[in-house]
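Residue numbers (this note's numbering), protein chains in the order written: chain A, 4 to 222; chain B, 46 to 459.
Since the hints were derived computationally from the structure, they do not count as laboratory data.
Glycine included, each C-beta is placed from N, C-alpha and C at the ideal position.
Take these hints with a grain of salt, some might be off.
Unchecked claim - Okay, the calculated beta carbon distance ranges per label pair:
| id | chain 1 | residue 1 | chain 2 | residue 2 | range |
| --- | --- | --- | --- | --- | --- |
| 1 | B | W64 | A | N143 | 16 to 22 Å |
| 2 | A | S123 | B | V60 | 20 to 26 Å |
| 3 | A | H11 | B | V60 | 54 to 60 Å |
| 4 | B | T409 | A | Q127 | 54 to 60 Å |
| 5 | B | W64 | A | P204 | 44 to 50 Å |
| 6 | A | Q185 | B | I350 | 51 to 57 Å |
| 7 | A | H11 | B | V338 | 58 to 64 Å |
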Amino acid sequence: MIQMQALHKSYWRGGSELPVIRGIDLNISAGEFVAIMGPSGSGKSTLMNIIGCLDLADRGEYRLNGERVSGAPSSRLAELRGQAIGFIFQSFNLIANRSALENVALPLLYQGIARDERISLATQALQRVAMLDRASHQPNQLSGGQQQRVAIARALVNRPSLLIADEPTGALDSRNGDQVMQLFNELHNEGHTLVMVTHDPLIGERADRVIMLHDGMVI
Amino acid sequence: MNRLRVFIELTGEAVIALWQNRLRSLLSVLGIAIGIAAVMTVSAVSSGGKQFVLKELETFGLRSLWVFRDYKEKDPQSRVRDSSGIDSRDLKLLKGACCPAVKRLSPVLLAANRPIVQNGNRYSSAQLKGVDANYTGINNDRLTMGRGFQPGDIKGRRPVALIGETVSQDLYPQSENPIGRDLRIGGRRYQVIGVLEYKSRDLLASIGSDGGEDANNRILLPYTQVQQMNGNQQVSYLQAEAVSIAKAEQAADQLRLALQRRYRGSYQYTKITLASYLKTVDRILGGITAMGVVAASTALLVGGIGVAGIMSTAVVERIREIGVRMAIGANRRHILFQFLAEAVLISLAGGMAGLLFGLLLGGTLDLLTGFPLMPTLGGVLTGLIVSVLVGLASGYYPARRAADFLPVEALRRE
Ligand SMILES: Nc1ncnc2c1ncn2[C@@H]1O[C@H](COP(=O)(O)OP(=O)(O)OP(=O)(O)O)[C@@H](O)[C@H]1O
Ligand SMILES: [Mg+2]
Numbered sequence: 004m005i006q007m008q009a010l011h012k013s014y015w016r017g018g019s020e021l022p023v024i025r026g027i028d029l030n031i032s033a034g035e036f037v038a039i040m041g042p043s044g045s046g047k048s049t050l051m052n053i054i055g056c057l058d059l060a061d062r063g064e065y066r067l068n069g070e071r072v073s074g075a076p077s078s079r080l081a082e083l084r085g086q087a088i089g090f091i092f093q094s095f096n097l098i099a100n101r102s103a104l105e106n107v108a109l110p111l112l113y114q115g116i117a118r119d120e121r122i123s124l125a126t127q128a129l130q131r132v133a134m135l136d137r138a139s140h141q142p143n144q145l146s147g148g149q150q151q152r153v154a155i156a157r158a159l160v161n162r163p164s165l166l167i168a169d170e171p172t173g174a175l176d177s178r179n180g181d182q183v184m185q186l187f188n189e190l191h192n193e194g195h196t197l198v199m200v201t202h203d204p205l206i207g208e209r210a211d212r213v214i215m216l217h218d219g220m221v222i
Numbered sequence: 046m047n048r049l050r051v052f053i054e055l056t057g058e059a060v061i062a063l064w065q066n067r068l069r070s071l072l073s074v075l076g077i078a079i080g081i082a083a084v085m086t087v088s089a090v091s092s093g094g095k096q097f098v099l100k101e102l103e104t105f106g107l108r109s110l111w112v113f114r115d116y117k118e119k120d121p122q123s124r125v126r127d128s129s130g131i132d133s134r135d136l137k138l139l140k141g142a143c144c145p146a147v148k149r150l151s152p153v154l155l156a157a158n159r160p161i162v163q164n165g166n167r168y169s170s171a172q173l174k175g176v177d178a179n180y181t182g183i184n185n186d187r188l189t190m191g192r193g194f195q196p197g198d199i200k201g202r203r204p205v206a207l208i209g210e211t212v213s214q215d216l217y218p219q220s221e222n223p224i225g226r227d228l229r230i231g232g233r234r235y236q237v238i239g240v241l242e243y244k245s246r247d248l249l250a251s252i253g254s255d256g257g258e259d260a261n262n263r264i265l266l267p268y269t270q271v272q273q274m275n276g277n278q279q280v281s282y283l284q285a286e287a288v289s290i291a292k293a294e295q296a297a298d299q300l301r302l303a304l305q306r307r308y309r310g311s312y313q314y315t316k317i318t319l320a321s322y323l324k325t326v327d328r329i330l331g332g333i334t335a336m337g338v339v340a341a342s343t344a345l346l347v348g349g350i351g352v353a354g355i356m357s358t359a360v361v362e363r364i365r366e367i368g369v370r371m372a373i374g375a376n377r378r379h380i381l382f383q384f385l386a387e388a389v390l391i392s393l394a395g396g397m398a399g400l401l402f403g404l405l406l407g408g409t410l411d412l413l414t415g416f417p418l419m420p421t422l423g424g425v426l427t428g429l430i431v432s433v434l435v436g437l438a439s440g441y442y443p444a445r446r447a448a449d450f451l452p453v454e455a456l457r458r459e
């Protein structure tokens, strides 16, 4: 599903180059649960953003489901984000002042899906994460764990082939974190492909595979 | 179809965003509304004002022209200095082939003395004019009662009169029908055969442009009668109607030349055409309108800048939301469209509020001044189109900025 070869990415700060991804080769197959670990600043988020088509690498090749992402126009990247990928953030990133249901339904809007169908699909997704009883709540009326479950429903609503999560439990206490992890386990068991950044070695143990990053390289 | 639906739904997203910031949205709507109302009022006032002036000028007949002797020019042969230079025996010639641009003409004679006009012990200060049967048609005079002059009245020098509203009120009690009644002018008896319709020249009179004539305090007599009073064959001046407004100057010149030729240059003649007044009115009102529109457009510009400012603020505040929308599948055109839609909706709402405000203002002024200030359908459409354009112009830069963010950059912002 994911094929990466010799991927490089640098940031430029004050005219000097700061290499962040320094030649990564990576293959992830459909149905895998891969944990990405490594010290702070090792480039985990940068790699995830590239996988999630939110950012582009400078050099090297990235293929998603066989399609070259590296040279794709921005409109195609938007399509991939909307159809093939579900991104889950550490800080939930729900849109304020909009209900849980509206947040979950929003990705479908950009696919041109009619309102009735949007609501029915979003309702199913909320049910899947056991948040249907909070459908009309706004983000600030939900706990962190609840917000993250809504965000997971939003990532699931388009039935993407790939779920990626950057420290999804990083902002949660251990009880809420456990609940969210339980959900990810279930999703994996249902056959979803899952790539997750985590600092928690216990989570790493549950994954099919752990990829250790250090200074922008896989070790 | 699906693509179209996305943009329709994004318009809904824009409405929600505007509603969530309703106070702010309202303020920028107000800015545009003031601008549109100002532009609209200025153009309505100028077109209403023009119609108003035109209505008063119509009371002279829009194709009217006047030809009279130019007394400033020296009489080169020092003959009959005090003659008017026009004689009733010239009329036959002037009505003939010399002047094809003239549709019809009438001599006008003013009484040399000011005879007393009375009916028993009621008196009138009316001005007397001797004319022929063409005159009322040329001068756009209508009758409220009775009949106008027939050629027989003129040729037969019948003692008949047409009187204005004021004359009728001065000489006859309100309960009486003046038609068929008598009046005395310098001791002679005349019979009233018609009453002239009321004419408003208030605006022209207020700026001294009515020629010193009170249109409602006139008595028209067959010119042959006035010639008899004056004791000669002279005609004070000619009033004629050109075949069209465009031919008015030409018609006047044809009459002047015919007269100069007839008197072998003994007199010089001058002319006035209503067409030239129309041109002047157009020029003056055009200038006033242009200035007003510039001033009002400045108000609209300020409103547009307000919208641009609000949209820029909105983009900065919602940059993270923009990142999230991109992360879940929005492309650049979607983001651009949503913010442009917000700007256009604001200024379209402002445009509609401005039009409504302008209509109310116009209606009020209309009641107060009697000016017809209703804007045309074209004016309303123009106002709406202009407000959409203002929205596009002021929303484009902020929307473009929002759309140009890379998803990661937008998500990183706090
Ligand atoms: N926009 C940016 N501009 C410049 N440098 C950046 C930018 N984003 C990240 N970096 C740098 O790139 C390196 C990798 O950052 P990244 O966020 O990928 O690390 P991470 O492994 O996710 O760390 P953490 O575990 O703290 O989240 C860091 O040194 C960071 O300072
Ligand atoms: Mg990180």
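Hints and how they fare:
1. B:W64 - A:N143: 16 to 22 Å: Roughly 18 Å apart at Cβ, these two residues keep to the hinted range, so it holds.
2. A:S123 - B:V60: 20 to 26 Å: holds, 23 Å
3. A:H11 - B:V60: 54 to 60 Å: violated, 44 Å
4. B:T409 - A:Q127: 54 to 60 Å: holds, 58 Å
5. B:W64 - A:P204: 44 to 50 Å: holds, 48 Å
6. A:Q185 - B:I350: 51 to 57 Å: For Q185 of chain A and I350 of chain B the Cβ distance comes to about 54 Å; the hint holds.
7. A:H11 - B:V338: 58 to 64 Å: holds, 60 Å
Of the numbered hints given earlier, the model fails hint 3 alone.
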